[in-house]
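Participant: Take a look at the letters that make up each chain.
2 protein chains.
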Amino acid sequence: MTPASQLLTEQVRFIDGVADKLHEFLSHQQHVMAGISPDVDPLITSISNLVTGGKRLRALMCYWGWRGAGGSASDAEIVTAGCALELFQAAALIHDDIIDRSDTRRGGPSVHRRFSQLHQLNGWALDDERFGHAAAILTGDLCLSFSEESFTQIGSRAGSGTAARHIFNLMRAEVMAGQYLDILEEVAGPVRDAAGSVERAKSIIRYKSAKYSTEHPLALGGALAGAPDHLLQGYSAFSLPLGEAFQLRDDVLGVFGDPGTTGKPAGDDLREGKRTVLVGFAINQAPAADAAYLHAMLGRQDLGEDEVAEIRRIIVDCGALEATESLIAELSDKAFAALERLPLADLPLTALRQLAEAAVSRAA
Amino acid sequence: MTPASQLLTEQVRFIDGVADKLHEFLSHQQHVMAGISPDVDPLITSISNLVTGGKRLRALMCYWGWRGAGGSASDAEIVTAGCALELFQAAALIHDDIIDRSDTRRGGPSVHRRFSQLHQLNGWALDDERFGHAAAILTGDLCLSFSEESFTQIGSRAGSGTAARHIFNLMRAEVMAGQYLDILEEVAGPVRDAAGSVERAKSIIRYKSAKYSTEHPLALGGALAGAPDHLLQGYSAFSLPLGEAFQLRDDVLGVFGDPGTTGKPAGDDLREGKRTVLVGFAINQAPAADAAYLHAMLGRQDLGEDEVAEIRRIIVDCGALEATESLIAELSDKAFAALERLPLADLPLTALRQLAEAAVSRAA
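If you read the protein sequences in the order shown, they are chains A and B. Going by my numbering, 282 is the number at position 282 of the first sequence; the sequence numbering is gapless. Residues are numbered in my numbering as their position in the second sequence, beginning at 1, plus a constant of 364.
It is possible that part of the hints are untrue.
Said to hold, decoys possible - Think about it this way: if two alpha-carbon atoms lie no more than 25 Å apart in a straight line, the pair counts; the simulated DMTMM-like pairs of lysine to aspartate or glutamate are: (1) B/K419 with B/D403; (2) A/K202 with B/D403; (3) B/K566 with A/D41; (4) A/K264 with B/D491; (5) B/K419 with B/E669; (6) B/K566 with A/D39; (7) B/K628 with B/E721; (8) A/K264 with A/E325.
Everything labelled a hint here was simulated from the structure, so no lab data went into it. As the structure is a prediction and not an experimental result, all values here were calculated from the model.
Build the full structure now, drawing on both the sequences and the hints.
Facilitator: Shown next, in the form of structure tokens:
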């Protein structure tokens, strides 16, 4: 087997293992729920739909963090850790879509929309939108509990007082804090000093995304395999700037991406009033009239194609897109340089390099 | 010391221990959050406010379940378990208040209202209500994670594969399923068969309340102390009907209670369209015109004092209140009979009897 095919084979085996384990876990939960009432089934199927597919970025970071620290390729514990991360991601997406009023997720309806549709389809009483939101809050809570149940199933290496448990706890707290800072900046950003907007946006992506999408999953895998501190520090030097670049790319795609590829309507981030680094640069660099237009349009639910196009023009003309692309390049360089310094065997090193390349150059 | 004062002393020591431990836990989390941004502090203070006060019913059930099974009076593990239950309850309340549009909690503003007020106070942009909801979703998620973090701190007795962990997992899944059935019945009840409404309402209170408020906490304490199966079965025979009676009392208070005592506006359950056992009896027993009036009014946000009074009259006149009170009495009798059959020492037996009496005869 060539190194490339060995990597692919191993990675596919892990991903399949995670998918099988998720299926097994959710089938068991479906059985428990069926004992309560057949009416509860849509909660489980909503979760199942969400954990089928996706990039599995977090699970893969965890896996290669584990392998890089000497974890064995065929170990049930790391598969269980991958499940826990995927379930946590699903829980975060369910609540995130309520918060951001996103009606679509991966090209299909988001969970709260699914429940609103169930309401309409059955001709139920009262308000379908409120029912959708309430049901999705509960589904996200259930999924968050499942994530933790799955994480505990790892056993003693993830037990009380372990490094892995500490990382898992910190990951959850930081991503929720980061998401709060994100919605806070939407409402407080307009009345806070514009000069600080880029720095605030950078802090937001660090907590809501970079630590959660790359740094913590990689460290978690490493910790489960017993990685020494210096290796975990090396992991962090690579994965934190990588995660920041990943989120900056996401922000650019949120404004300039092709809806057919991203699965999300173009301009939704603008309608939501997201004050990203990209927007922060624009606010500080655009001519006064353009900056005022941007301020007035951000967070307007009724933004049409023309307004979105005008905002794109402003972002491009003032150099904000270029500044963001430069920052992505700078962070990527930092990440790749740190990667090459990691004391890893060829296989995990190559795998992490591939993951990193996909993360910063993606189109969706 | 008399037995009565021994009981009181011990119970106060436990409650104080839980309060101290919660304070210590949340102070630590506040410190972690401060490292991210001072802006995140309101999430922690919201949680702190909620876990200060309250009846501590679940923590106390857990404690006496532990003591009844031979657990020692001065053990840090049971205090930690009490904290985990209180944090879980706080998380459930935060999301519940969003779902039920409850603007008050224990006489003060609910968490989503607090965040809306913070928005108004600071003159932030966009919609204060949406910000409140989003921030409260995230605060509830954070609190749910804290609950689990705290539970894991119990250590090996609550580790992977233990009876205690199984109960904790089941408790979370069942309460979320029960809450979903509750909101489902609000919208689906009007178009489902009226004859089944009492049975459906009974199933809802079993999962959303009885198992979660009394059965699981008592079993959890027992399991942590290594209770044999027959004791756990005896606990269940006592605590499940007790929890059902407790929730039925809550439903009666929701319609007939004194707002000054309950801390909740009278009639809120009716405005929310809650299809309780009390309402189920009324729908089936009231004359056609009254039942039609009830159907038309349930779930109307604009219900005034007069309409609430008329609904009260209907519930009383058709015998629905009496039927519910009979059911409360029947379930209480069942619970107290099962209690007397428990093979417990005098102290835990007396404590559980007092808790049970307070639960079914309360006014708030």
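Participant: All hints, please: hold or fail.
Facilitator: For each hint, the structure was consulted:
1. B/K419 with B/D403: At roughly 31 Å apart (the allowed maximum being 25 Å), B/D403 and B/K419 break the hint.
2. A/K202 with B/D403: 15 Å, holds
3. B/K566 with A/D41: Since the Cα atoms of B/K566 and A/D41 sit roughly 19 Å apart, the hinted pair holds (cutoff 25 Å).
4. A/K264 with B/D491: OK: A/K264 and B/D491 at ~23 Å, within 25 Å.
5. B/K419 with B/E669: 29 Å, violated
6. B/K566 with A/D39: Measuring from Cα to Cα gives roughly 15 Å; hence the hint holds.
7. B/K628 with B/E721: Roughly 22 Å separates the two Cα atoms, so the pair holds.
8. A/K264 with A/E325: 21 Å, holds
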